[in-house]
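Residue numbers (this note's numbering), protein chains in the order written: chain A, 1 to 307; chain B, 1 to 66; chain C, 1 to 250.
Keep in mind that the hints are not guaranteed to be accurate.
To be verified - No more than 25 Å apart at the CA atoms, straight line, and that leaves these computed lysine to aspartate or glutamate pairs for DMTMM-like: (1) A/K25 with A/E81; (2) A/K69 with C/E246; (3) C/K249 with A/E73; (4) A/K69 with C/D93; (5) C/K46 with B/E6; (6) A/K219 with A/E93; (7) A/K174 with A/D162; (8) B/K63 with A/E122; (9) A/K175 with A/E216; (10) C/K37 with C/E8; (11) A/K112 with A/D64; (12) B/K63 with A/E93; (13) A/K207 with C/D93.
Said to hold, decoys possible - A few chain B positions that, by computed beta-carbon distances, are all more than 12 Å from chain C: (14) L9; (15) L30; (16) T31; (17) G33; (18) N38; (19) R39; (20) W40; (21) V41; (22) L44; (23) L47; (24) I52; (25) F57; (26) L58.
What the hints assert, rightly or not - Simulated coverage check for chain A against chain C, where a stretch passes if three residues somewhere in it have a Cβ under 8 Å from a Cβ of chain C: (27) 20-31; (28) 48-61; (29) 167-175; (30) 238-249.
Source of the hints: derived by calculation from the structure; they are not laboratory data.
For each residue, glycine too, the CB sits at the ideal point set by N, CA and C.
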Amino acid sequence: MITVKNLTKNFNSFSALKGINLRVKKGEIYGFIGQNGAGKTTTMNILAGLSRPTKGSCLVNGKDVTKIKHPSELHIGYLPEAPRFYPWLTAFETLEYLGNSGGRRVAAARIKELLDWVGLSEAVRRRVGGFSRGMKQRLGIAAALIHDPELLIFDEPASALDPEGRNDVLNLIKKLKNMGKTIFFSSHILSDVERVCDTVGIIIAGKMAAEKPLPEMLKEDILPSYDITLQKPIDSGILDKLSQIQGVSKVTGNELNLSVMTDAFFDTSLLFKFFVDNKLAVNSFARRQNRLEDVYLQEVNTNDKQS
Amino acid sequence: MIVTRELILMLLPVIVLQLGLAVYCAVKILTEGVQNLNRWVWLLICLFINLIGPITFLLVGRKRDL
Amino acid sequence: MINSLRKEIRYGLRNNTFLILFAVFFFFAFMTPVMLKILPEVLKSKFPGFPLQELVNMTQLGCLQSYMGDVLEIGTLLVSLALCGLLAQEIRDNTLVLPLCAGQSYSGIIAAKMLVFGTAVLLIPLAALVTDYLYAGLLFSFDTGILPVITGGLLQGFYMVYLLSLLLLFGTLTKNPIATALLTLAVNYGLYFAGSLLDIHRYLPSGLLREAQQLQNTIPLQAAVITLAIIIACAFLASRTLQTLEWSKK
Ligand SMILES: Nc1ncnc2c1ncn2[C@@H]1O[C@H](COP(=O)(O)OP(=O)(O)OP(=O)(O)O)[C@@H](O)[C@H]1O
Ligand SMILES: [Mg+2]
Chain A
1 MITVKNLTKN FNSFSALKGI NLRVKKGEIY GFIGQNGAGK TTTMNILAGL
51 SRPTKGSCLV NGKDVTKIKH PSELHIGYLP EAPRFYPWLT AFETLEYLGN
101 SGGRRVAAAR IKELLDWVGL SEAVRRRVGG FSRGMKQRLG IAAALIHDPE
151 LLIFDEPASA LDPEGRNDVL NLIKKLKNMG KTIFFSSHIL SDVERVCDTV
201 GIIIAGKMAA EKPLPEMLKE DILPSYDITL QKPIDSGILD KLSQIQGVSK
251 VTGNELNLSV MTDAFFDTSL LFKFFVDNKL AVNSFARRQN RLEDVYLQEV
301 NTNDKQS
Chain B
1 MIVTRELILM LLPVIVLQLG LAVYCAVKIL TEGVQNLNRW VWLLICLFIN
51 LIGPITFLLV GRKRDL
Chain C
1 MINSLRKEIR YGLRNNTFLI LFAVFFFFAF MTPVMLKILP EVLKSKFPGF
51 PLQELVNMTQ LGCLQSYMGD VLEIGTLLVS LALCGLLAQE IRDNTLVLPL
101 CAGQSYSGII AAKMLVFGTA VLLIPLAALV TDYLYAGLLF SFDTGILPVI
151 TGGLLQGFYM VYLLSLLLLF GTLTKNPIAT ALLTLAVNYG LYFAGSLLDI
201 HRYLPSGLLR EAQQLQNTIP LQAAVITLAI IIACAFLASR TLQTLEWSKK
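Same shape as in the complex, but just chain A:
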């Protein structure tokens, strides 16, 4: 539903996007992750038809974003990073105004239902000026859904929300997927992305570092690391010796719980030999499961080394 080829965006002399390629397939949840300032919002603004690309092509819902005259021609539901509302309208009036825009009509019952859905049923008649950030975010989600679009683009839908709110939003996103919608959303919260996404795209400094289905992404060769719990505390001298073992790249943790990062083909017997030699009793020893966070951090690290 979204095909982006070689998308470039310059702000004056600053190049925010340097040739992005990505593809969002119909019916999937696509998680778009990257550091602050990597270019997520810039990309999403362009995909929503609110900003024009410098170069490259973007097809959204089969429409070329450079050929449209008005953002609404894309028929998407867009949640901006920090949605801005009229503080002097109530939540209900806001959705009524947005819903009845562009020659469409939305019934009052649907507005109530939507507000209920995003957890604002208590605030229907309150003015938006008094809303908290999280409440505005929820209202923004309701606004994106008002015309029941097939494709949803959410810029950090969960970032301003409390833990229950985040949970609600993730469940909502899953529910939307089950209704057959396609969702493209950005996030900093990798565990969220891991929970709901089918495909993950990583953007680093305006370039795509990776784009894969989540299971494949997690199978990625990640340097192994081991979590070790000791029976008795050790002193830092021994910790130092531990990090000098051949193949160990980094040791973190405190005197009882250690994390040992190693090279790719590390022989773990070296660790056990070390424990025996130093008479250290080990309570548990486990290789860490690959998490999206590790994949992500590794991508960021390799990028840092390259530049």
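Dock chains B and C with the ligands against the given chain A, drawing on the hints supplied.
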């Protein structure tokens, strides 16, 4: 200045308008809060500066949160 | 369209825009007759033998003309300040993003603002002038017909609609309310000054105000047509400029 009953009677519409504005603004200041200046300063401005006081308050002193 | 109009009306009511316009024009409408009424007494007590009648027209007509002078000087200033945020603030605060995504058209946004606030700045000065007429008649005597007053009020209101269109255009160009107000006032006073200097008021919007002040029940056709053209051009340009803006502000 000659203050007569007649003069006050003539000024009645202006006084009503001014007083109405001042009271409206005072209520707004005390219930909704202010920005840019202290609320007591705004209150004095609205009560003692003719017309321009309340209007200045309504234009720039009203609390508006986005 | 009704949807957008209702939003603009709510804006006007809840942000006191209508109230400010009403207060400004009616304050002067009630104030000038009283000022003119008490002026002789004040002057008599301070400068006995002052040749007052030669300087000030102490009649209902005099009141109306003095009121219109105030409107030109202070009314235009306060209209500009009260309405400068109409579009500029929306662009600056990014509040147009969601309406645009929801399908509001660029021209529809401009049209709704022009219609709602245009009606307000047309009718409020008209009502205020009629009030001034009635109050001055009460304090002095009714020696002028009402028809020229209504024509004058409409001309004045029409001038305010022209100011509104400038405010919308400069709002999209500067995206800053204060800059919008300053630019509009510069054009307003600048054109008036140029009109007087070159004696071309009849080709300028300021001709409307000059004619209104005469209270002759005449319509300056050239000035009216030119003003209407400027209003349409400004509204059109504002909507075109809106269309070319990018909404990726930091
Ligand atoms: N309108 C603009 N003018 C100038 N530079 C901009 C503009 N918008 C974005 N940038 C720059 O482009 C880069 C990417 O910004 P963007 O907002 O897309 O990042 P992001 O990935 O959304 O970050 P975050 O996680 O903080 O939301 C940043 O360096 C930013 O400073
Ligand atoms: Mg962002």
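Pair hint outcome, C/K37 versus C/E8 [Cα-Cα no greater than 25 Å]: 40 Å, violated
Hinted pair A/K174 and A/D162, Cα distance within 25 Å: Satisfied, since the Cα-Cα distance of roughly 18 Å is no more than 25 Å.
25 Å Cα cutoff - pair A/K25, A/E81: Holds: A/K25 and A/E81 sit about 23 Å apart, inside 25 Å.
Agreement of A/K207 and C/D93 with the hint, judged by alpha carbon distance not exceeding 25 Å: The hint is violated at about 30 Å.
25 Å limit on alpha-carbon distance, applied to hinted pair B/K63 and A/E122: At roughly 24 Å apart (the allowed maximum being 25 Å), A/E122 and B/K63 satisfy the hint.
B/W40 remote from chain C - nearest C-beta pair above 12 Å: Non-interface label stands for B/W40: nearest chain C Cβ at 21 Å, farther than 12 Å.
Pair hint A/K112 and A/D64, alpha-carbon separation not exceeding 25 Å: 34 Å, violated
Distal placement of B/F57 relative to chain C, Cβ over 12 Å: 10 Å, violated
Coverage of the segment 167-175 of chain A by chain C, judged on three or more residues with CB within 8 Å: Violated - the segment 167-175 of chain A has 0 residues with a Cβ nearer than 8 Å to chain C, which falls short of three.
Cβ separation check - B/T31 to all of chain C, threshold 12 Å: Given a closest Cβ separation of 14 Å, the condition holds.
Whether B/R39 stays farther than 12 Å from all C-beta atoms of chain C, as the label says: At about 17 Å from chain C, B/R39 clears the 12 Å cut-off, so the statement holds.
Agreement of A/K175 and A/E216 with the hint, judged by alpha carbon distance not exceeding 25 Å: Holds, at about 24 Å.
In this structure, the hints that do not hold are numbers 6, 10, 11, 13, 14, 24, 25, 26, 27, 29 and 30, in rising order.
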